[in-house]
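Note that the protein sequences, when read in sequence, are chains C and U.
First residue of the first sequence: 1, per UniProt numbering; consecutive thereafter.
First residue of the second sequence: 1, per UniProt numbering; consecutive thereafter.
Just so you know, these hints were derived from the structure itself, not from any lab.
As the structure is a computational prediction, the values presented were derived from the model and not from experiment.
Careful, some of the hints might be misleading.
Copies of the same chain look alike in the list, so a pair counts if it works inside one copy or between any two.
Unchecked claim - Distance condition first, Cα-Cα at most 27 Å in a straight line; then the derived DSS-like pairs of lysine-lysine: (1) Lys-56 x Lys-78; (2) Lys-177 x Lys-216; (3) Lys-308 x Lys-142; (4) Lys-105 x Lys-267.
Protein chains: 2
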Amino acid sequence: MKNFLKISLLATSIVGSINFAQAQQPAIVEDFKPSVLNQPQQEYPQVNSQGYARFKIVAPTADSVRVSLGLGGRGGTKLAKAEDGTWMGTTDGPMDEGFHYYNVKIDGGKFNDPGTLNYYGSVRWESGIEIPAKDQDFYALKNVPHGNVQQILFPSPSTNTSRRAFVYTPPGYEKGKDKYPVLYLQHGWGEDETAWMNQGRANLIMDNLIADGKIKPFIIVCTYGMTNEIKMGGMRNFKIDGFQTVLVDELIPYVDANFRTIAKKEKRAMAGLSMGGMETKTITLNKPEVFDYYGLLSGGTYASTDFKDKPKPKYIFLSCGSKERPDGIRKAAEELKGAGFNVDGYISEGTAHEFQTWRRSLLQMAPKLFN
Amino acid sequence: MKNFLKISLLATSIVGSINFAQAQQPAIVEDFKPSVLNQPQQEYPQVNSQGYARFKIVAPTADSVRVSLGLGGRGGTKLAKAEDGTWMGTTDGPMDEGFHYYNVKIDGGKFNDPGTLNYYGSVRWESGIEIPAKDQDFYALKNVPHGNVQQILFPSPSTNTSRRAFVYTPPGYEKGKDKYPVLYLQHGWGEDETAWMNQGRANLIMDNLIADGKIKPFIIVCTYGMTNEIKMGGMRNFKIDGFQTVLVDELIPYVDANFRTIAKKEKRAMAGLSMGGMETKTITLNKPEVFDYYGLLSGGTYASTDFKDKPKPKYIFLSCGSKERPDGIRKAAEELKGAGFNVDGYISEGTAHEFQTWRRSLLQMAPKLFN
């Protein structure tokens, strides 16, 4: 996500995903366990109760192995040859809670850690690791009724192909007759339509909220937002038209025709993280007749002046991590509230421009939608 | 898949996925194009019209880079340093048509090619490459109505967790009222429930068959068949009980309760590839009251004596690639036919123990089910 930050138009600061090394780090507690995102039967990477991560890579004749997480002289964590000929290393401090993308540099080439599952970010499938969070219960897989996540292929005449989206339908959808509101939920730069259900765990967050009676069920739809094939660093030339057409003229009518939705503005939301927030802001302001609930997650802010000639939406949600620029969110929320908007500004404590911020944002935002 | 073959009880021969190098290979035609399974914006690996594959790996200071495909002295394809400092190499002969798993050895460690998407096989996420096949049209993404593939999480008391399955529902399912037959379709050793929809393209094969009017629509369900956590090489200790309970007592009732299925034996099929065929054979013979259509894809054969005290199923499908042991399939089909069974034996021409065999097998089998 860093590249996007550097080139984005958003007023968020460039923040890393890791704690800066302290002069005095606490002694490392040797209670390391395999990360929950490891591939089956893989013992490494491991994480401990303090949030340190430990890596082990097999490459007996390599000259240099480095993991992109942790500081270690700003180049990540340099692994060292262990007695058994493998490369091992531990981050130089505890990492933020939640999900982190990373990769492994081996003799100057960028690869993935064979120990972990891969997640699409930075325009490549990256390794993923999960630092157990104190609040991880809200996105845990529990013994509750589960909604389904389905891949749909919808016709897109404007791009001359069938495009993919993932649709979360709440528990009971398959056999029921109810109609549901819909949240269109966008990923960030370099990610794709898999992000919210994979690293975001949006389906489990919804399952748990519904099981706890905290929200009325709704549908979530995620599709690919980099429609005009942005090359690395190409955000300067970003135009919303391509994606707006796919979303508003192609995907929404398809979803309304093929799922039991309440097909009206009052029951339709759009939200997005990072670049997806920028897209949300632009499209909701371009198409105020389509959505009535807007969410920007580490993705900028609205000002009351944005709505000069436009109807007020029913609700606006703004958020970011405390390690981003929380004052911007707080001020924007205050300004909007003063101008008579129904708005929340949420700050995720102790997290940066990463998925833990956005999981928590979904948790906070979902109960406020469609009321 | 090779490990499974070595330790399996099946009478299939151990066959590689590649053509053996000839004394005289044809001159390589320089019409290489990126494989269709490459990650976005990735130029390598490439394939040419003859079926050669060419690889390019960035690892400037590595001592040795080797790709597991192609022969090259039986260790795959050894890459050589190119002028620009990258590692490049081309297979020493054309490869079989269709999908191949592979990995990259860098300085003695096993990694994935950062250029390609990953597919779960050999108990790890592997790199994938697609050699364009003459018959690739039947699994191509076309402008036809598309069914959906949905992830379900079903309760499994026997394993004390929620387990994952993927369910293909045919076009029109969401808005219709029809009830459908169901095919339970299993992956091979080292693969998982993602295999048939990802590398198998089962959803697209179904979409195209339905659009062409060649089959009546049905549902496909894929779940994980290595329920008892087989370790590498642990097939000797394989017991069917764990998986049979999950499939028959947990998954099938869940699917029948949550999807519009025709919940009776006459409209239920089970098939599987390789180890999934072995599971299919065992479970269908243990539970003849549950399934009425049986398919073994490179996964062994039935003999008429297997049905001594059991009802005859409505249909049996047996298949393998011509580079496996096709005579075994032909003989078994003949024997069953002679004993009055409704059976087909299908041989996929020019393919081995790989997914092209199984894509074609699904194409052949699907029109014969539920008639």
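*Unsatisfied constraints (hint numbers, rising)*: Numbers 3, 4 - these are the hints that the structure violates, sorted from lowest upward.
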